[in-house]
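A.B. asks: Sequence:
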Amino acid sequence: MSDTPLSSDSSEQVDQAANHTQYRLRVTAGPEHDPSTHKLVPVNASETLTFENEHMILSLAVRIRHFTGYPNDSPTTSPYFDHELHQYDQYSIAFSFIPKVDIPGGDLIFGNDFDRPIRDRLPPGFNQAFRIVKWWVDPGLEGDVYADKPSLFGPALSSWNILRIGDQVIEEDELQDKNAWKIPNATSFHEVVVEEGADGSGEQVRDKSGMPTDSAGRKKHFLTPANRDAFLFEAGRLYQSDFGNPYLDFNDFSLKLPGFSLNVIKYVDSKTHELRYTLKNKSTEEIYAVIMFTLLFGEELQQVRKELGEANSEKDPDASMPDPPTDDDDDLD
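Counting in the numbering used here, the sequence shown runs from -17 upward without gaps.
When the alpha-carbon atoms are kept at most 25 Å apart in a straight line, the in silico SDA-like pairs for lysine to any residue are as follows: (1) K190 - H203; (2) K202 - V187; (3) K238 - Q4; (4) K21 - D231; (5) K116 - T195; (6) K131 - E268; (7) K131 - G88; (8) K116 - L239; (9) K238 - R258.
What follows is a list of derived Cβ distance ranges for each label pair: (10) N161 - Q285: 34 to 42 Å; (11) S28 - Q158: 30 to 38 Å; (12) D196 - H15: 28 to 36 Å.
Quick caveat, the hints were computed from the structure, so don't treat them as lab data. Beta carbons are placed, not taken as given, at the ideal position from N, Cα and C, and that holds for glycine.
Assemble the whole structure, with the sequences as input and the hints as a guide.
C.D. replies: This is the structure we're talking about:
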């Protein structure tokens, strides 16, 4: 795989800029990989999506700057991006969750995984981009993008930008009571900008763990495996996290790293038009949450537009949109 960055030829940039308008982003989420268990995420909206499985109950808020995807009535931005911590961020995936079982700190991982190979669709410059991400963004990131089922995961404790530890909200004698499992203030979680820290007895948990009080210090602390292994995500305790960055731009589908820019549209095809974030247990492979970012285009987008009654409307700029490219349409060599 070549490490040479993509050409900056102006005509190519114009083509790519025009091309990205033929795509619509849809975000879905659920408690497992199976898309049939997913619900549409109300991006930037005044709603919070909550779901659960036997391992965890979780509320989710997704914010995307300059969002133009589905649902159609989604706000294009969020007050979140006006907060001093996030004025340069392009997106956010925020969790408020309660484990139903104890999860060792070293086992909780968060990242991207795929069900099929993507090695033949990796753009030139990918290896260089990955080195920058490892050095600049997340030193704990590990995985194999050349595998038959590629993945890139980092320890949640060192990968999440923000971690807040809350109170024990479900007592030990209530853990078996199905009616007890509720996220506090879940309906208003979308309004919350999670900040590094703790609440209630979570203060003692942070102090006992030895983690620094600031985000950067905590992330560095948990790059050490022994520190992760000494931490426990306790059943019944509330945790909140936030993950995002200024580098992945969902508006024009580009990766913009320090000294490196990569437009991914020309490498998208019918097999590689989904970016899946998974929260799971490294040891047991148990899935806790899945967020799927899908670029709808071609026949798939036309079908969605038809279902929404848009296909023949004046709003439809993509009625003659081309079908998804196939592997034969774009030679990467």
